[in-house]
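Quick note, the sequences are listed as chains A and B, same order.
Convert by adding 3 to the 1-based position in the first sequence; the result is the number in our numbering.
Convert by adding 69 to the 1-based position in the second sequence; the result is the number in our numbering.
Derived from the structure by calculation, the hints contain no laboratory data.
Any given hint could be a false lead.
Simulated DEER-style distance windows between Cβ atoms [claimed, not checked]:
| # | chain 1 | residue 1 | chain 2 | residue 2 | range |
| --- | --- | --- | --- | --- | --- |
| 1 | A | L208 | B | A73 | 44 to 50 Å |
| 2 | B | R79 | A | T533 | 39 to 45 Å |
| 3 | A | R454 | B | R79 | 41 to 47 Å |
| 4 | B | D257 | A | L603 | 41 to 47 Å |
Computed list of chain A residues with no C-beta within reach of chain B, every gap over 10 Å [to be verified]:
| # | residue |
| --- | --- |
| 5 | L201 |
| 6 | K205 |
| 7 | S361 |
| 8 | A415 |
| 9 | Q469 |
| 10 | A649 |
| 11 | V653 |
| 12 | T667 |
| 13 | R748 |
Model, not experiment: these values are computed from the prediction.
Backbone N, C-alpha and C define an ideal beta-carbon position, used for all residues, glycine too.
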Amino acid sequence: MTDKIPLVIVGAGPAGLAAAARAAQVGVSHLLLEAGPEIAHTIRCFPKGKIVMAEPTALPLRSSVGFLSDSSDVVLRRWSGDLAASGAVVRTNAKVVQVAGQRGDFSLKLADGDSIAAEQVIIAIGRQGSIRRLDVPGSELTGVQYQLDDPDEYVDETIVVVGAGDSSLENALALTPGNRVILVSPHDDFINCGDVNLGRLKEALAADRLEALNSARIASIDISPESGRLNVTLHSSRPIERLECHRIIARIGTLPVRQTLEKLGIVLPGMASGEFPRLSEGFESEIPGLFIIGALAGCPLIKQALNQGYEVVEYLRGCPVPPADDEALWTKLNQALDIDSVAAGIDLVRQRLPLLDSLNALQLREVLRDSEIRAPQPGEVIFRRNDFGDSFFSILGGSVSVRLTYPDGKSANVTLGAGEFFGELGLLSGRRRSGTVISGIDCVLVETPRRAMLRLLDLSPRIQRQLDEVAMRRALASCFGTALPDDQVELLVNGAHERSYAAGDALFRQGDAADGLYLIRRGSVTVSHTVEGREVVIAYVAAGNYVGEMALVSGQPRSATVRAAGPTEAVLLEAVHFRAMMERNPEARSDIARRYLEGLRAISAGTGSQNGNLVEFLVARGGGEATDMLLIDYEMCIRCDNCERACANVHDGTSRLVRQAGQTFGTMHIPTSCRHCEHPQCMKDCPPDAIHRSPQGEIFISDSCIGCGNCQSNCPYGVIQMAVPQEYVRRTLVDIVIGRAPRPRVRAENTMVKAVKCDMCRGIVGEAACVRECPTGAARRVNPDEFHLMAGI
Amino acid sequence: MRRASFLTYRKLRYLKLSAALLGLILLTAWVLPDRYGFAYGGTLMGYLSGTLAAFLAGLLAWYGIRKRRPPRIEDRRHLDRRCRVETSQARMDQNADQRTRERRGVKRHLNWQHGGTLMGWLSAHCYLGGVLFVVASLHSGLHFGLNIHTLTYVLLVVLVASGVWGALAYVRYPLLISRNADPEGTRDRQAQLAEVERKLRANAADLPVELSAAVAISNDDSPLVFCSWWQIFASRASAQTDVALTRIQSMSGWMADAECQSAVREVYALLLKKQHLLAQIADASRLNARMRIWQIMHGPVSLAFVGVLVAHVSSMLVFW
Numbered sequence: 004m005t006d007k008i009p010l011v012i013v014g015a016g017p018a019g020l021a022a023a024a025r026a027a028q029v030g031v032s033h034l035l036l037e038a039g040p041e042i043a044h045t046i047r048c049f050p051k052g053k054i055v056m057a058e059p060t061a062l063p064l065r066s067s068v069g070f071l072s073d074s075s076d077v078v079l080r081r082w083s084g085d086l087a088a089s090g091a092v093v094r095t096n097a098k099v100v101q102v103a104g105q106r107g108d109f110s111l112k113l114a115d116g117d118s119i120a121a122e123q124v125i126i127a128i129g130r131q132g133s134i135r136r137l138d139v140p141g142s143e144l145t146g147v148q149y150q151l152d153d154p155d156e157y158v159d160e161t162i163v164v165v166g167a168g169d170s171s172l173e174n175a176l177a178l179t180p181g182n183r184v185i186l187v188s189p190h191d192d193f194i195n196c197g198d199v200n201l202g203r204l205k206e207a208l209a210a211d212r213l214e215a216l217n218s219a220r221i222a223s224i225d226i227s228p229e230s231g232r233l234n235v236t237l238h239s240s241r242p243i244e245r246l247e248c249h250r251i252i253a254r255i256g257t258l259p260v261r262q263t264l265e266k267l268g269i270v271l272p273g274m275a276s277g278e279f280p281r282l283s284e285g286f287e288s289e290i291p292g293l294f295i296i297g298a299l300a301g302c303p304l305i306k307q308a309l310n311q312g313y314e315v316v317e318y319l320r321g322c323p324v325p326p327a328d329d330e331a332l333w334t335k336l337n338q339a340l341d342i343d344s345v346a347a348g349i350d351l352v353r354q355r356l357p358l359l360d361s362l363n364a365l366q367l368r369e370v371l372r373d374s375e376i377r378a379p380q381p382g383e384v385i386f387r388r389n390d391f392g393d394s395f396f397s398i399l400g401g402s403v404s405v406r407l408t409y410p411d412g413k414s415a416n417v418t419l420g421a422g423e424f425f426g427e428l429g430l431l432s433g434r435r436r437s438g439t440v441i442s443g444i445d446c447v448l449v450e451t452p453r454r455a456m457l458r459l460l461d462l463s464p465r466i467q468r469q470l471d472e473v474a475m476r477r478a479l480a481s482c483f484g485t486a487l488p489d490d491q492v493e494l495l496v497n498g499a500h501e502r503s504y505a506a507g508d509a510l511f512r513q514g515d516a517a518d519g520l521y522l523i524r525r526g527s528v529t530v531s532h533t534v535e536g537r538e539v540v541i542a543y544v545a546a547g548n549y550v551g552e553m554a555l556v557s558g559q560p561r562s563a564t565v566r567a568a569g570p571t572e573a574v575l576l577e578a579v580h581f582r583a584m585m586e587r588n589p590e591a592r593s594d595i596a597r598r599y600l601e602g603l604r605a606i607s608a609g610t611g612s613q614n615g616n617l618v619e620f621l622v623a624r625g626g627g628e629a630t631d632m633l634l635i636d637y638e639m640c641i642r643c644d645n646c647e648r649a650c651a652n653v654h655d656g657t658s659r660l661v662r663q664a665g666q667t668f669g670t671m672h673i674p675t676s677c678r679h680c681e682h683p684q685c686m687k688d689c690p691p692d693a694i695h696r697s698p699q700g701e702i703f704i705s706d707s708c709i710g711c712g713n714c715q716s717n718c719p720y721g722v723i724q725m726a727v728p729q730e731y732v733r734r735t736l737v738d739i740v741i742g743r744a745p746r747p748r749v750r751a752e753n754t755m756v757k758a759v760k761c762d763m764c765r766g767i768v769g770e771a772a773c774v775r776e777c778p779t780g781a782a783r784r785v786n787p788d789e790f791h792l793m794a795g796i
Numbered sequence: 070m071r072r073a074s075f076l077t078y079r080k081l082r083y084l085k086l087s088a089a090l091l092g093l094i095l096l097t098a099w100v101l102p103d104r105y106g107f108a109y110g111g112t113l114m115g116y117l118s119g120t121l122a123a124f125l126a127g128l129l130a131w132y133g134i135r136k137r138r139p140p141r142i143e144d145r146r147h148l149d150r151r152c153r154v155e156t157s158q159a160r161m162d163q164n165a166d167q168r169t170r171e172r173r174g175v176k177r178h179l180n181w182q183h184g185g186t187l188m189g190w191l192s193a194h195c196y197l198g199g200v201l202f203v204v205a206s207l208h209s210g211l212h213f214g215l216n217i218h219t220l221t222y223v224l225l226v227v228l229v230a231s232g233v234w235g236a237l238a239y240v241r242y243p244l245l246i247s248r249n250a251d252p253e254g255t256r257d258r259q260a261q262l263a264e265v266e267r268k269l270r271a272n273a274a275d276l277p278v279e280l281s282a283a284v285a286i287s288n289d290d291s292p293l294v295f296c297s298w299w300q301i302f303a304s305r306a307s308a309q310t311d312v313a314l315t316r317i318q319s320m321s322g323w324m325a326d327a328e329c330q331s332a333v334r335e336v337y338a339l340l341l342k343k344q345h346l347l348a349q350i351a352d353a354s355r356l357n358a359r360m361r362i363w364q365i366m367h368g369p370v371s372l373a374f375v376g377v378l379v380a381h382v383s384s385m386l387v388f389w
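Please take these sequences and the hints and turn them into a complete structure.
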């Protein structure tokens with residue numbers, strides 16, 4: 004055993020690199036251990052030419068190695084150069100298998116049997132190194148791989164891809180040209196996939212380009228003696244199946260953080276499964292002398308990791324620097340809270356907000372950095388009913404008063420105090436705000452934007468659970484009025500099940516026995532009645548309401564079929580609990596009885612008309628998830644295309660709607676134009692985060708668009724185009740007299756292609772140009788709540 | 070929820086306005102003593118009605134410009150910033166008018182800032198056109214001669230007549246056009262036709278000479294008439310296909326050969342499909358042309374009218 008090294012850094016990813024470089028710079032004797040043959044293995048494995056984004060842009064970089072957004076090879080070259088220049092000591096091919104001991108007396112075992120003694124250890128191995136591997140006999144054979152570098156490398160092969168997530172699906176689809184690909188998923192469906200990938204999968208399956216085996220798992224792998232290929236034994240719903248293939252690509256996710264650490268022999272008692280380690284301000288874990296930074300600490304972004312590498316070295320050499328975001332956080336926290344340091348502020352936030360209790364300091368900092376802290380005046384309106392907004396509010400101090408308006412027109416005031424939150428319905432459902440919130444005395448709020456909140460929910464199942472439970476209680480209260488006492492709400496909540504549906508799935512069918520009441524939490528549903536063997540839509544019900552009460556009241560089978568209009572989440576309250584609640588609550592009973600009679604009227608009115616088909620048509624073409632849709636009544640349209648010209652006039656010379664394209668039902672035409680969806684898919688994968696929803700509800704693309712085209716391919720309705728901004732040239736009087744239409748001019752200073760789509764003429768007073776410039780009034784904008792009016796139901 | 074058409078815009082706002090205006094004019098005409106009996110350009114009533122008519126004519130002509138030249142919208146490059154400022158102001162402004170929160174309502178309310186809606190303009194254009202006709206007739210006092218003044222009146226009559234036709238066409242034809250259109254739209258019909266013609270050529274090549282010659286007759290049919298206006302007067306679009314069909318019906322030689330028989334059956338079905346498609350395309354084109362044909366008259370005549378009107382007014386000023 005050699006002498007103790009003062010500092011050993013495990014993992015030469017961004018965090019480890021930065022730590023080693025800083026240590027070398029300030030003369031801390033150290034050793035950087037890397038399991039692979041080269042540094043920054045994960046980034047080396049990025050697809051060729053992929054741009055590495057330096058996000059978040061607001062965070063200053065504080066590191067001894069440089070970093071700017073660029074292609075991966077440029078970034079890597081820079082890091083190698085900077086690391087060598089700093090004089091850091093690196094040992095590659097040194098895989099650490101065990102870390103034991105504590106401050107001043109650590110011992111690290113390497114895979115090659117060597118052992119290293121260290122005084123302090125920084126764990127910076129990230130999560131990509133702990134890819135979940137197949138745990139079956141034969142998984143060590145060559146040909147079983149856990150990543151795909153270049154799909155073009157393989158031609159004419161039979162390849163088995165394992166996994167139910169986006170990465171497995173993307174790999175499988177990338178391999179389909181030229182190979183036979185079999186996708187094996189352990190679940191019934193590809194539950195962890197985005198809708199876009201799911202659509203591509205369905206397409207590939209329909210075209211027989213891909214084979215998929217659901218609910219299947221690999222039992223063992225061996226080498227076929229005749230061909231030398233891999234022989235896979237599969238367990239699935241069918242009898243045991245054997246497959247011969249050239250290679251297996253398993254993309255089954257990464258290990259949970261706790262398991263990753265435990266594999267190294269590091270046991271942190273205070274850390275629950277599915278959570279990140281609790282760390283001090285200096286990244287020190289519960290084991291003294293053991294520091295954890297980077298993705299394992301819950302900060303997956305490269306820039307954060309680089310900063311942390313720098314900061315941790317500063318901390319352990321005794322000159323701690325405040326984290327890079329300290330200054331920004333200080334200005335934010337100081338103006339609203341009475342604190343003397345950022346750390347105290349963070350502690351205060353954690354104390355006051357039980358919802359965020361499970362986050363470590365780093366994650367909490369990140370949430371606060373993305374959030375805004377507001378101290379509104381007493382009586383100030385935070386948001387109003389029917390506003391669009393998807394940010395989430397937590398109450399740090401004081402109180403707010405919420406004025407709710409129930410479907411029956413009654414309203415009620417609810418007061419929320421410190422530690423509670425509101426705005427979750429807007430966040431979950433993507434719809435307008437359901438109530439008005441007015442600030443009370445000494446009110447301090449944390450406003451977290453949707454993106455940050457969704458990231459948080461993704462990270463922490465506990466927060467998701469807490470949020471869901473409160474959301475369910477509130478949904479119950481808003482559906483039945485405030486009349487329900489707490490113990491009954493409790494009873495209902497405990498007997499509730501969450502269900503989610505894809506577009507077109509039936510919640511229940513006409514003639515089914517009543518299983519309970521469905522509260523729609525996200526998305527929307529159509530209610531249809533079967534007439535002469537055909538389903539005729541008689542109503543459209545949006546999130547925040549309930550369906551299925553009729554059969555519960557009457558005790559008869561279901562009188563209508565209810566289907567999800569878009570991706571929908573509902574909460575099922577079981578019939579038993581619901582009936583018990585009704586018996587004890589005369590007020591709720593009378594409310595439901597009234598709804599029952601209204602439902603009967605809707606059925607008799609709806610079944611007679613064919614207009615229900617119009618609602619069905621609109622819903623099938625995105626109306627269900629729309630918030631505002633352009634429709635053209637062909638009974639009035641004189642096909643002058645003034646709508647397109649008017650659009651081009653106000654939108655840089657490119658019309659965002661195409662009148663002739665799109666579909667027609669009867670005389671109602673849907674041109675290709677943005678529907679301003681509740682949960683816009685275009686927003687999902689925008690590298691510069693350029694797509695937003697304004698408080699008025701329109702989805703727009705800001706100037707920071709980089710023209711990557713992700714939104715264009717993600718939009719299911721094909722309404723986003725890539726175009727160069729042009730200057731619309733107004734016709735002169737002479738042009739009009741001689742009938743000349745000048746062509747739009749490209750602005751010399753701006754020739755970059757950008758994504759363009761309808762923004763509902765945001766920022767222009769008056770109605771949208773397409774509607775305002777329609778001479779016959781054929782063009783109109785409607786929201787889904789108006790569909791039934793339009794169809795005359 | 071049937072929305073108002075341009076004729077019933079805002080509960081007949083412009084019909085009511087026009088009726089009121091007309092009432093006022095007739096009342097004035099009745100009150101004012103006039104040497105020439107009814108009215109005449111040179112009388113007090115003549116000057117009044119003439120001025121009003123010129124103003125109305127200007128307003129009506131402006132519709133043509135307003136339609137082709139939507140109002141200028143300020144440079145949108147600054148909009149992002151402006152919107153942010155507005156949003157934060159609205160947030161801070163506790164007493165912000167509730168109405169500004171109702172996006173649609175307020176937006177409609179503010180349309181006048183961009184010269185109103187085009188639908189409103191069209192509605193006013195139609196009814197005020199009628200008023201102009203009455204006022205101009207009053208102004209003329211029904212004194213006609215071979216001069217520029219009468220020419221102005223005649224052009225006006227042509228304009229009003231074509232305008233009435235146009236208004237009726239705009240109400241009637243859109244529905245007929247969408248009834249005629251099949252769900253896939255006209256463009257696809259052209260593609261279908263091209264496909265049918267391709268199959269016809271391929272199949273006809275294998276047929277006996279006289280049969281393939283008969284099929285070839287239908288090649289002369291084309292839905293692409295050089296100008297869509299022409300479609301109104303064009304003869305039946307499938308004329309040559311009809312001939313080809315009759316010709317094949319009159320032949321019987323192919324009946325003997327089973328193989329030939331099935332080939333002919335196929336070709337005959339294709340010809341029938343072509344006939345049907347040609348008729349549909351021609352109908353669509355014809356309806357479209359009928360909806361627009363009045364514009365041939367209305368547009369150029371309005372230009373001429375404005376010119377002649379200027380001459381009429383200036384001659385009056387010169388010879389005063």
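#### Entry: Exclusion check [A:R748 not at the chain B interface, CB over 10 Å]
Correct as stated: the minimum Cβ-Cβ distance to chain B is 14 Å, above 10 Å.
### Task
State, for the Cβ atoms of B:R79 and A:T533, whether the hinted interval 39 to 45 Å holds or is violated.
Holds: the Cβ-Cβ distance is about 42 Å, inside 39 to 45 Å.
### Task
Starting from the range 41 to 47 Å, see whether the pair B:D257 and A:L603 falls in it by beta-carbon distance.
43 Å Cβ-Cβ, so the 41 to 47 Å window holds.
### Task
Classify the label on A:A649 as holds or violated, using whether its beta-carbon is more than 10 Å from each beta-carbon of chain B.
violated (5 Å)
### Message
A cut-off of 10 Å on Cβ-Cβ distance, and A:L201 was said to be off the interface with chain B. Does that hold?
### Response
Correct as stated: the minimum Cβ-Cβ distance to chain B is 28 Å, above 10 Å.
### A:A415 non-interfacial with respect to chain B [C-beta, more than 10 Å]
holds (20 Å)
#### Entry: Consistency of beta-carbon spacing, B:A73 to A:L208, with hint 44 to 50 Å
Hint holds: Cβ distance 49 Å, inside 44 to 50 Å.
### Message
Minimum C-beta separation from A:T667 to chain B exceeding 10 Å: can you confirm that?
### Response
Given that some Cβ of chain B is not farther than 10 Å from that of A:T667, nearest at about 6 Å, it is violated.
### Query
Are all C-beta atoms of chain B more than 10 Å from that of A:K205?
Non-interface label on A:K205 holds, nearest chain B Cβ at 24 Å vs cutoff 10 Å.
### Message
Looking only at beta-carbon atoms, does the pair A:R454, B:R79 fall within the given range of 41 to 47 Å?
### Response
holds (43 Å)
### Query
Is A:Q469 truly not at the interface, in the sense that its beta carbon sits beyond 10 Å from all beta carbons of chain B?
holds (28 Å)
#### Entry: 10 Å cut-off, C-beta based - A:S361 kept clear of every residue in chain B
About 31 Å separates A:S361 from the closest Cβ of chain B, which puts it past 10 Å; holds.
Comparing the model with each earlier hint shows violations of hints 10, 11, 12; every other hint is respected.
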